[in-house]
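**Q** Now for the letters of each chain:
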Amino acid sequence: EAGVAQSPRYKIIEKRQSVAFWCNPISGHATLYWYQQILGQGPKLLIQFQNNGVVDDSQLPKDRFSAERLKGVDSTLKIQPAKLEDSAVYLCASSSSRVPPTDTQYFGPGTRLTVL
Amino acid sequence: LAKTTQPISMDSYEGQEVNITCSHNNIATNDYITWYQQFPSQGPRFIIQGYKTKVTNEVASLFIPADRKSSTLSLPRVSLSDTAVYYCLVGDLRDSWGKLQFGAGTQVVVTP
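Top to bottom, those sequences are chains A and B.
The first sequence begins at 1 in the numbering used here and counts up one residue at a time.
The second sequence begins at 1 in the numbering used here and counts up one residue at a time.
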């Protein structure tokens with residue numbers, strides 16, 4: 001079974017530029033998550049989708065971050081404009097069910113963003 | 001959400017058993033306990049989950065006492081490849097995966 005795919009793996013931009021990350025979840029997984037992981041900390045949920053609808057975006061900085069999941073499959077996360085404090089690893093995860101413990105949550109390798 | 005406390009780091013030698021204890025004094029009736037493992041440059045990986053007593057799988061064992069105020073992840077006979085950060089998460093059975101909050105985790109370093 002193919003895992004969660006993310007691209008790019010690394011990205012370096014200057015502050016105030018925009019950037020986009022892409023995620024392809026495991027086939028058939030209805031729930032998709034984007035996390036932000038700052039160095040030395042655990043992942044923090046930014047947004048959760050159920051199919052193509054948003055379930056939870058309470059921690060998404062909506063003035064600069066946006067995400068979409070068209071057709072309930074792939075998803076993109078965008079930052080515009082980027083700030084220095086956005087330097088982090090952005091992780092995508094998916095699960096077949098919203099509610100544990102019926103299934104586990106699978107994470108992709110992440111995209112490491114450096115904002116200069 | 002139940003707050004969790006776990007050691008910042010632990011060191012071990014190859015072949016030893018590593019036990020990581022997580023405290024969750026205000027765990028609620030519907031909360032369950034989940035552990036993730038994260039290697040450098042990878043996303044976290046689910047390793048084990050339990051509600052009470054003992055759970056064992058091919059990777060680890062999870063011990064949960066009757067009062068459920070703590071839990072212990074046991075990694076038998078660790079190898080160098082078990083060097084990773086281990087996260088303890090506590091969450092409601094009725095909530096989604098997204099409601100589980102990651103702390104800073106425990107950095108386990110295994111040396112020869």
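Calculated from the structure, these hints are not laboratory results.
Quick reminder that beta carbons are idealized off the backbone N, C-alpha and C, glycines included.
Certain hints may be false.
[Unchecked claim] From the derived model, a few chain A residues whose C-beta atoms are all more than 10 Å from chain B: (1) I13; (2) G40; (3) K44; (4) E68.
[To be verified] Each computed DSS-like pair below joins lysine-lysine, with the alpha-carbon atoms no more than 30 Å apart: (5) B:K3 x B:K69; (6) B:K52 x A:K71; (7) B:K99 x A:K62; (8) A:K44 x B:K99; (9) A:K44 x B:K54; (10) B:K3 x A:K62; (11) B:K69 x A:K44; (12) B:K52 x A:K44.
**Q** Which hints from the list above does the structure break, by number from lowest to highest?
**A** Hints 2, 3 and 6 contradicted; others consistent.
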